[in-house]
Structures are given as C-alpha cells and as structure tokens.
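Number of protein chains: 2
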Amino acid sequence: MQSEEREMPNADLSLVDAYWRAANYLSAGQIYLMDNPLLTEPLAPEHVKPRLLGHWGTTPGLNFIYAHLNRIIRERDLDVLFVTGPGHGGPALLANTWLEGTYSETYPDVPRDAEGMRRLFRQFSFPGGVPSHVAPEVPGSIHEGGELGYSLAHAFGAAFDNPGLIVACVVGDGEAETGPLATSWHAGKFLNPATDGAVLPILHLNGYKIANPSLLARIPHEELDSLLRGYGYAPFYVEGHEPAAMHARMAEVLDQVVDKIQLGERPMIVLRSPKGWTGPSEVDGVPIENTWRAHQVPLSGVRTDPGHLRQLESWLRGYRPEELFDADGAPRPELAALVPHGTRRLGATPHANGGLLLRALKMPEIRAHAVDVVKHGSTHSEPTRVLGRMLRDVITLNAGARSFRIFGPDETASNRLDAVYDVTGKQWQAQTLPVDEHLTHDGRVVEVLSEHLCQGMLEGYLLTGRHGLFNCYEAFIHIVDSMFNQHAKWLKTHQKLVWRRPIASLNYLLSSHVWRQDHNGFSHQDPGFIDHVMNKKAEVVRVYLPPDTNTLLSVADHCLRSRDYVNVIVAGKNETPDWLSPDEAALHCARGAGIWDWAGNDEDEPDVVLACAGDAPTVEVLAAAKLLREHLPSLRVRVVNVVDLMRLQPDTEHPHGMPDREFDALFTADRPVIFAYHGYPWLIHRLTYRRTNHHNLHVRGYKEEGTTTTPFDMLVLNDMDRYRLVIDVVDRVPGLGQKAAGLRQLMQDQRTRHHAWIREHGEDLPEVRDWTWQ
Amino acid sequence: MQSEEREMPNADLSLVDAYWRAANYLSAGQIYLMDNPLLTEPLAPEHVKPRLLGHWGTTPGLNFIYAHLNRIIRERDLDVLFVTGPGHGGPALLANTWLEGTYSETYPDVPRDAEGMRRLFRQFSFPGGVPSHVAPEVPGSIHEGGELGYSLAHAFGAAFDNPGLIVACVVGDGEAETGPLATSWHAGKFLNPATDGAVLPILHLNGYKIANPSLLARIPHEELDSLLRGYGYAPFYVEGHEPAAMHARMAEVLDQVVDKIQLGERPMIVLRSPKGWTGPSEVDGVPIENTWRAHQVPLSGVRTDPGHLRQLESWLRGYRPEELFDADGAPRPELAALVPHGTRRLGATPHANGGLLLRALKMPEIRAHAVDVVKHGSTHSEPTRVLGRMLRDVITLNAGARSFRIFGPDETASNRLDAVYDVTGKQWQAQTLPVDEHLTHDGRVVEVLSEHLCQGMLEGYLLTGRHGLFNCYEAFIHIVDSMFNQHAKWLKTHQKLVWRRPIASLNYLLSSHVWRQDHNGFSHQDPGFIDHVMNKKAEVVRVYLPPDTNTLLSVADHCLRSRDYVNVIVAGKNETPDWLSPDEAALHCARGAGIWDWAGNDEDEPDVVLACAGDAPTVEVLAAAKLLREHLPSLRVRVVNVVDLMRLQPDTEHPHGMPDREFDALFTADRPVIFAYHGYPWLIHRLTYRRTNHHNLHVRGYKEEGTTTTPFDMLVLNDMDRYRLVIDVVDRVPGLGQKAAGLRQLMQDQRTRHHAWIREHGEDLPEVRDWTWQ
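Chains as they are written, first to last, in our numbering: chain A, 61 to 834; chain B, 61 to 834.
If you're looking for bench data, these hints aren't it; they were derived computationally from the structure.
Predicted model only: the values in this text are computed from it and were never measured.
Any given hint could be a false lead.
Since the list gives no way to pick out one identical chain from another, each pair is judged satisfied if it fits inside one copy or across any two copies.
As the list claims (entries may be wrong) - Here are the computed lysine to aspartate or glutamate pairs in the EDC-like style, where the Cα-Cα straight-line distance is at most 16 Å:
(1) K435 - E644
(2) K552 - D730
(3) K556 - E599
(4) K552 - D624
(5) K763 - E713
(6) K597 - E713
(7) K552 - E765
(8) K422 - D453
(9) K597 - D711
(10) K597 - E175
(11) K320 - D173
(12) K763 - D591
Bound conformation, chain A alone (with noise of 0.2 Å):
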C-alpha cells in the first residue's frame, strides 16, 4: 500500500499519519543503516548494517498506537504511561522518544539532527550501542522487553494510587498466550478507580508469533469477544490495514474508551493490523507483511543483493521523509503539533522513572515492636507474627502518602502478618459477601493467588516510585524464577544510568519456609530461591536469614530503606527463642555475621566453630551447643551466627563481603567448623571455597528429604539435627577420647528412640518440643 493512496479524514489524523511515517521510518531505518540516514543519496551496501538485528513486525504497530496516544494526551492533557509489552519493538519507543525530543534530552550525544539521527539508527542492536529490545537505557519505559507475558502486571502495579493516571498497556497476541499476561487481566477487580489509576490494555492482534498464527488471532471473533467481556473489559475493536480508515478508527475508538474510563468504567482496545505492516509486502515472491516471516527482518540480503537493496530504498523513500525532517534531519515544525507537553511526553513522564517521583517510608521505631529480651532464648515469640505489628505501623506512618503496599499469593494471614489487618483491608472490587473479612475497595493489602501478578504488580508499583513487600511461601517464590531474572538485570543496568534515580529495592519475605511445613510436605519444600538469586549480579542482590524476632525487625527495617536491590529474607514465622535483644540485634545485623559469645565456651581459643545461617539451624546449633557444654564440658565452642548470607563471600565478590582476616577471625584458620544451613549446604562452600580454612569446613543443610511429618523429623531427615551435629563435632575434632564415643553412641541412640517415637505418637520427642536454651 503506498501513501500516496491515502486520503486522510481531516488535518488532524493527517498530521498523526506524518507522525506515524515519521516513527516508521526512523525504525526501519534502525534495523538497517549505519549511514545515509536521510537517503540524501541512493542507498548503498556500505550504508547497510553488517548484521540485521532487531524485530520489524510489531513495530509499525507500536508507532500507530504511540501516535495516536499522542494526539489524545495533548488534546485532553491526559497523564499517561506507555508499558510496550511486546519489547522486542524497541526501534519503535526509540524512534517515537527521538521524534519527541526526550531521547536527545536523555542522551545529547544524540541530537534531533542529521547526525543524531545518523547515530540513532547506527547504535541500535549495535556492539556497544543499545539494545534491540526496550530496555532501562529507553526513556518512558518500565518495562524490559524480551521475555514475554508481565506487561499488564506492570501497568497495574503502575496504576495503583496514582488516580488520574492511565497506563496504556500494549498487549501482544504472542505474549496473550502467556500464563502470567493470562491471568493478569483479572487484576482490573484489584484497582479502584476512584483511588488508583487506570489500565487501558490494548491488544495488538497482528496476527503472527516467530513461526506461528497466534491463538488469539485465530479464534472466532465472538469467542475473542466473549473471553475479554469474561476477564471483565469492554472491548473495542479496530480492524483494518488501511491507513486513513484505521486512523480515522483509531482516533474514534481512542477518544470512546477515554470517555468510558473517566467515568471509572473497564474498556480495552483490540488493534488488529498487519505485522510488518506498511513493510514489503513480498520479498523474493514470498509474502512477508502480514505473515511470520516479517518477525524480524523482513530484507535480510540487502548487503549483497542488489534487488533487496533497491526494495529497500524504495520502502524507505516510500515514507516520504523529505516531507518529515528537515535538511538538517530535524523532524519538521509541524510534527511538533502533535507532541505532547513536557512531562506529559510519553518518554518525559516522571512516572517511568520512579525514583524522581520516590519519597522515603516514614518508618516506625523498631523498639516499639521488638521483644524484650532479659536473657537469650528465655522467651519466645513468631517472628513474622511480630513483623505485621511493625508493618502496621509503616501503613499508618504512610497512609496519606499511599506509597506502600503489602502483594501476597493469599497468604499474608497464613505468613502471620495479619495484624497489618488492623489498620487496613485487602483492597478488591468484585463482589463480597457477609462472612467476608478485611475486604475493601482501597486497602494496602493486595492478594491474588499467582505469583507471577504479584510480582508483576510489585515491580510496576515499584518502578514507577513506590515502595512494597512480597510475602510468599518459601517454596513457591520459584514460580518467580524468571520475573526476578528480568527485574534483577533491569536494575543492573539501571544502576548505571545516571538519569533513572534509584528506587524502592524490591523486598521478599519468604516464610512458611522449608523446614515449617508440617502439613503440607515434600511439594513445598524447597530453599533453593536463594541459590537461584545469588547467580545474579553482587551489586543487586542481597539475602538475609534472620535467626529470630529482633534480627528479623532490624533486617526489614534496613531493606525497606534500601535502593535499588532486592532483598531475600527468609523468616520463619513459628514460635522460636528469642536470642537478641533490640541492641544485640541491631548490631549483629549491622555486622552480618558474628560470634555469640554467650552462646559459646571458647574464650578466643575454639576447638570447634558451630556456625549457623537460619532460624531452624541456629536452635539446631545451640541445642548441640548446650549438648556438648553438658557432656564435654573441656571442649571450647564456639558459635557463629550468619544473618547477611553475602558476609561469607570475599569482599572482591560482593560488596558485603569480608576481608580473609575478618573471616579467618571468625571462623579460625585450622578448627573444625560445622555449619548448619537453612538451604542447600553446597551454597556454604560456593560462598568461601577460597578461604583458608575451607577444607575444615562441613555444612549440614536440606538435602531434598521432604515428606509431611514433623519438624524435629525433618532435620533428622536431612541429618541437621542437634544429636547429628554432635556427632559431627565428635567425627571431627581428634583427640577427644572415650568420653566421645560415649557421647557419639548416645546420640546415635537419640536418634533411634526419635525415630521410633514420632512414628508411635505422631509428634516430636518431649525432650525436643519442650527444648530451652535457659
């Protein structure tokens, strides 16, 4: 179809179809040259890119849309954000930034002229250029392109509390098939439309995946319909390939769903155009536009043949962009007409840049929550239970700002947070009934039972400026796998661009952990989260195993301060000893790793280090502790409490990290060691496989025996039980003679009357349940 075809309606959709040519140009010009940007003279091979890199087919799709946002923002000042789910079009949200004026704000290497135009389209999929996809180094954008299925999470984690905003939210038909962006459209009977913002998700329907049909693209139409009013939307549709007509569609459709949303009503928008649309129709005979094959590149010979790279000049030409920029490459006066103002710029808002927007929590006093604690391990208390006090606090010191908010897979009671319940509700717009408890239409407790839209939502309020808590069961945080990948690499790379200013760190509270799983067993058991975050970057990951109530307090109360991060704690929420008071806790935090002298008979000259990371390890440890203090009383103990797991690493690895000699300090040069772990006991000697006194070093942790059964039986299970450690420490320190192997044969015997017990009377040894360190 060439433009020249076209009859436009009115002035207006002229300019949004300039606009449109404008953006389109200037992507496919991205893909393709590394010179001769403004085709001042014919196209040559040496103008073309080596290697053709990037993604045409759902580009011209994003640039009609992003022009037409435009007309609607300026027309009716609307606040908008733009969350690109199908990401792999990043010559589109370049192309549109630059248009706009807020890509040479961003970058000024990169002028709206000749020459920046030159640079724009040579940098992109370029060795040390940008990256193909959207990415954090794109102005306007919160969401990284590439892996698919968590763009409408994101707009809805952008949505609440910010009332007045809209978050237009391109869907592709590819990622539609996606479970995450499956169940993400049910998060509309989350958002209140007179406390929170508005989604208006707009699937692009361009028919074709790498190598397939989408599924949605080949359902009838009724069925589409019928699913889209089930998930609770309105949908309007525009259909076509003609540009007049579609702009004319567009713009009518548009200024509808406006109108419906600012009367708080659910519309949506599906766009079904061609992919690669205005692209070459066929190449070499074979049809490209509207078909798979215009995925990425639709010419891939035009360096060698001569017929593609005259196609391609005559595509290019085919745009008109003599009419579009100037002699010195600046897009014309009159495209300018078309740009929204200021902040208001798609690529400007302040909102997908959060931390401009970010205002620090008011945080409560920890002592107004800690335990008191006279002696260590006398009391006891559930830690996370103690938590949701303080939480309930941070949700009253910040309910006027509204910058907080709680995402749980419907487990926020069961992780005993729910004295938060106090102060606010779980917020839901579907139906509620009497029986209902804490359910309201605005409330700081969000919960859905999908991990991926909690996180997704998570990210998106977080990235747009906001500051929120994850609590999951340990096991399942895995479903989260991926989503953490892609948050953890967006704040890698954010980190080091300068104008993205840091954000709320994203907070995980893993509890119900591993070794509490009483009635649930072998299928939700798993540590293994930790393992999985430590592969990424040091500067971006941080995990805590807090041994008890204070620590934990001390711990959320650093990691909601925090930036930039994501933070990993894993606490568990039974009933377990009090070890530290508030000033014991707070310092031991701030060290990360220390030695409980009290808890020890060393006096600097240990026989035997016990060290222990987690709440279920460290009463394994001080149970053996007292064991040994009881029955070998000459030997010197020392334990080591590790609540900053990145403490272990050496300080060229991880920023927490400590120096040898520190380490060395801590857990001497040549004795034993017996370390009790909360996960997999491999990760103990990834962490210090350098350090000196490694090969002494013998780490107890899960070892994937799970089942249902009790909690003692699960560390006997996974021999990390205190009579285990024992042995371990008889095993390991030489020299300790016959009253040893008494000790050993007693132990042993512990575990075989444990064994025969539990399976008599269903529960724990007495002298286990009724175990205290006092």
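We have chain A; now place chain B onto it with these hints.
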C-alpha cells in the same frame, strides 16, 4: 444439613450418595483419627491425632465428583483418568481408592477391613506415613498436589494420542487464578477429537482459598459464562448445596457432557458447592462450612476441648458409617455396585502408571545423521539442525505408535529443528489461512507461546507412558523452574515405589543459548537453569553440554532411551566446528569427559590443563590452545572436554561422578587448570571443591555481562575469549619467562583491537570470524 432430610430421586443416586458419604467419612477420619476408626466406641481424645494436618475444604467436592464419575464410567464403560487440581485434597483420593479396592491392591498392608481403615487413617499426614497431598504414592494419580496451576496442562498432555480416553480434570478456583492454569484453557485448540482423547474440565467453585474468596467465584454469572465460552468451552453448571438436588443435577450434567464429548465437542462443568460441604457449619459460633475457614481442619481443639470432640463425633456419625461399612470395616457390598470394573477404576487405570504402557522408542541409527569428520574441526555444521534430521526419523519410525511429541514455545524452527516438518506438522485446531505453513490437525509438534503449557503437557504425556522433548530458548526455561522442581520431586518418589513402572525421561533441549543471542541481548541471556537443576536429587537429574554435532546426536540418542530422569541438553544452533567423528563422539559421550589429545601437546605431562564444557567455550579453548602452540610451542598443553557435567562430581555424590583417581588423571594433581564453562563459573567450583587440585582451578564463564552485541564480544565481556584464556595461562604457569610477557601483551592488544573494531565495523574481527582449527 443432616443427611436424614435428603430424599434421593432414585436408587442409583442413593447409591452415589452412600458412596459419597463413605468417602467423606473416610476423608474426615484420615484427618482426625488414629484409632477407633469405625466409632465402635465413643470417641475419646486418645483416638485423635496429636497434630491435625490436612485439608478438608476441597475434599467433599472431590469425593462428590469421584462418586459421580464412578457411576458414569460403570454405566457407559468409559476410560477415564482423574486429575486432581486441588491436590491438597489428598484425603479424598486416598478415601476413594481405598473404597474401590485399588489402594489395598497397591498397598496390601492397608486392607479393606477395620485394621486397614485404622492404618489408612493413622498413616495420613503422620510421621512415616503418607503425604497430606495427592502424590506419587496415590494410585491413579499423575499430578502432585501442592503447587497449584498445572492440572489442566497435565490433563491435555495425558489426552494426546489417547483417543477414547476422557481426562476428567478438577480445576480448583484458587488454582484458576494462577497464570499457568489461566492459559491452559487454550490447550483445547490443540487437541484433535479424532486422534486424541478428550479433556473434561470441572471447575470447582467452592468459593474460597486459604484466606480469601476466589476471583472466579465472585464475578457475575454472565461474566464467568462469557469467560469460559471465550476459552472455547460450553459450560454446564451444577450449583447448590442440597445433596439430593445436587446428585440429580450432577448425574444429568455428566450424561450430557459425555454425550457432547463423544460428538467431538468441548463441554465443561462448573461445580459450585460449599467449601467444607457436609462438615461443621459453625464452630465456637463462627461460620465454617462455605467459608475460607473450612480450608484445612475445621475443628482444631478436639484433643483438649470436649465440645469440639463431641462436635467431631456427631459430624462423623452423621455419615452413618454403620450403614456404609460392615462390622469388619469393609465397605458394604452394595457400594461395590458403583465401583467400575478392573482397570476402569480410577485408581487402577494404567494411564496413571504410564510405565505400564511405555514402549521403547524405535531409534534411528545415529550414523545415518552424523556428520563426517575426516580431520578434527575441518568442517562446520549446525548441531541442532542435524539433530532435527534425527528427530525427523524418530517421528517417522514411531509414527504408528503415536508415542513421541516435540513441545516448544514457538521456537522449534528458530532452534533449527525444522527438518521435522518434512514428515509432520504442528498440531492446531484453530482457524488456518492459506499462508500458514506446517499447521495440521494431527502433527507431532505442539507449539504454544507458554513454557508452562509446554512443560505441563509434556509432563502429562510422559507420565501416561509416552516420550517427548521440550525445546526452548535457554534463558526462558527458568519460567518453568518451579514446574521442573515438582516433576523432579515426583520422579524422586516415583523411583522408590516398586509398583510405579519407569517412565520416559523429561528431555530438555536448550538452544539459542546465552552465547548466541546476538539480536536479543541481555534479557535472553541466562545459563542458570543448570544450577537450578543441580539442586535436585542426583538420582533424578542429568546435564549434558555436547560440544559439537556428533556429540549432540549421541547425547540425544542416550537421553531419548533413558528412563526416570530429567535430562538437560544445552546445544547451540549456530555453525560450530565438527570436532569429533561419530565413533569418537560415541566414546567421548560414554566417558562423559576426556582428554582431546589431538588438540593438546602434553604427552602425559602437561604444564597446564585447558578444560571446557559447552560449545562456545570449547571453540575458545581450542583457539587458545592453538595460539599457545604457535607462540609458546614448548608449553605442554592438555585439552579436556566435559560433556556430562555430572562427571565432575565425586562418585559419592552422583552415580555419574568420577572417583578422585580418575579426576586427577584428567585434571592433574598439581598443574594449573583453566576451565572455560558455558554457564556461571561457580557451579564448576561447587562440583569440584573437594578435588585434590581444586586450588589450581580457575574457571571462566558467564558472569552476567550481557547485551545486544557480537558473539565474540559476549566472550570478551565475560572474560572467556581465547585471548583472555591465553593470558590466564601465562599468568598461572610459572617460569614462562620473557616470551610469555610478550604473548600476554599481544593478547591484550588483540582485545583492545577487538574493542575498537566491533564499534567501527559492527561485526567481529576477521581473524575470529574466519578462525578454524585446521
């Protein structure tokens, strides 16, 4: 509601009701009782378990469905497989299999008498007993309870190539909120009514999750109806709580939907029944039945609160056990009239013990596809493209058996396996257009842009006794981390159950890997799935990194023949030197790791070992070896390649592990080892930290430095390029003198030159692009 009030419409449904009561009685008994199973004496505290662990809420609904399925299976002689989405309803499946006799046939120590019933009750959620969730231990199950969201995908996988089979899949309404489930509805667009079985989804709207209403239970009826029709189903509703009416309606609806299924249509059932149906309606003045409070254990104080104890006894007696079981505790003979015959019983279907049905794949000769290698590295090929040709023959050879499928998220062609389309197509029942390629109603390839759905369907296919392969971009396989976890856990338990017969391994082919994501960049770069897999039991997981085409063929052949494992194969699709001849490849893969003597010059006494695992690292190591031979000919270099990563572990840790002696023979006891590894470098340390020479091991790998750039630049960014490896050698081998310093400088210069070159030319240095070993 008291059962006395009910009036059954006819004898048949009275029997269904009696069966349902029996199952409900047995379910509640499992949760509460450790003795007095038939209530032959008044219920006393000591009859009650000390720890009450289990999920009552979903259980009566499952029992209701199971009883009605029994009726229609028997009446029509149907072949039905039951998939329990709300797998926390373990008591229901245990109760029903015991009632129908399959449990006692599988576990003769739990017979159908009073003592058997006592054991059935006592073992549930009891130390040394059975898990509280549906698990491999349960006859008739292919679906682990616990993590929600995968039931429908499993059901569709089970239905493929099983014409005549009806997979009745209960979808929990909490589960329905998860992403994987939300998209699994669409799988109906792949199932061919002529050649596959049918899936009958039964959406169980019992209204609540752990602490919240479920979304689908709280949207208007029309919206729900619209949603399900939009997913492509004709929903039939069974709604209410009065048993007689519900029985009549359920029977009527089941008759209708089975008729529809037999006509090739896609009906489904929505069962809206109270959570905790027939359980206590109130406890201590608080509503329980039909609220979220019925989720787990409705009466919690039974051992200590006499009121709770009385209420439990009255609840249990309300089922009238004396009418259901004879004095010996056996189900009364009347009930047997509802039990299907033989393997028609849901607990006895061979589909749920797929190993019974498994037949070995007919495998083509590897040699027919292997590439000729006259001299090592003298030719190049694309490993996955050649594998595609072998897979094509696998498809042809097993066409009659219809027992092999390839699943992929729209990437089978991108991963260059497209030779399979010579002999088969992509199965697809939605609309087609003339432009489409390879879409067919009956094909061996299933592509949908949901890794969750691919994984779930493949699991279902394997667990019912067939074979398959999941091909995926390496980075995005993390999307199914948690699904892999659950399958690996299933296999671990399955391997120990003698009655469960071995099934085909789950084979991952991860291509388009971290080192070759030229056009996608950082979001597509993540080799961490290997690390994730390594946390699971050694008996279950295998990881292969074939360095070239012939080794890939050998590894794939091995994996497709294997049983009860998860095999991860990472292999590139880009042109790679053909290092090994077919014979050499077979030998190398059998050994798993070995010295490539033709690539080194150490003559049994190396000065340095260059080790590699993965295709890209292998090229760099060989290029480094070549550079060293040119520049430092007197240096004795040994090249070791590792194809089976598990070989690196000690033989005490993994069945494939090497004894220390063998490891030392390969890697020496005291020479520097420079190891170039495909993934995150610390994994190699984790596998080898106990080895003699570990302190001399220096690992290069992916360290999270990614972007859109050239292949060689990716290596440089991550310090794994050939020049860096040579520098590593020079830095670590003592006594190399002046010549080494010159070489070091030369290598630095090359890196500097590379840096400038790619920024100028947009492609790699000519000497890298044109490099060959020969």
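Structure-based check of all given hints:
In this homomeric assembly, K435 and E644 come within 16 Å of each other (Cα to Cα) only inside a single copy, at 12 Å, whereas the closest approach across copies is 68 Å. For the homomeric pair K552 and D730, neither the shortest alpha-carbon distance inside one copy (38 Å) nor that between copies (38 Å) is at most 16 Å. In this homomeric assembly, K556 and E599 come within 16 Å of each other (Cα to Cα) only inside a single copy, at 11 Å, whereas the closest approach across copies is 43 Å. Taking CA atoms no more than 16 Å apart as the test, K552 paired with D624 passes inside one copy only; the shortest distance there is 9 Å, against 39 Å between copies.
With identical chains, the CA atoms of K763 and E713 are at most 16 Å apart between copies only, with a shortest distance of 11 Å across copies and 26 Å within one. Only within a single protomer do K597 and E713 lie at most 16 Å apart by alpha-carbon distance; the minimum there is 10 Å, versus 29 Å between protomers. In this homomeric assembly, K552 and E765 come within 16 Å of each other (Cα to Cα) only across copies, at 10 Å, whereas the closest approach inside a single copy is 35 Å. Taking the shortest alpha-carbon separations for K422 and D453, only the intra-copy value of 9 Å comes in at or below 16 Å, while the best inter-copy value is 66 Å.
Taking identical chains as interchangeable, the C-alpha atoms of K597 and D711 lie at most 16 Å apart only when both belong to the same chain, with a minimum of 14 Å there against 32 Å between chains. In the homo-oligomer, the alpha carbons of K597 and E175 never lie at most 16 Å apart, since the shortest distance is 36 Å inside one protomer and 58 Å across protomers. In this homomeric assembly, K320 and D173 never come within 16 Å of each other (Cα to Cα): the closest approach is 40 Å inside a single copy and 66 Å across copies. In this assembly of identical chains, the alpha carbons of K763 and D591 lie at most 16 Å apart whether taken from the same copy (14 Å) or from different copies (15 Å).
When each numbered hint is compared with the structure, violations occur for hints 2, 10 and 11.
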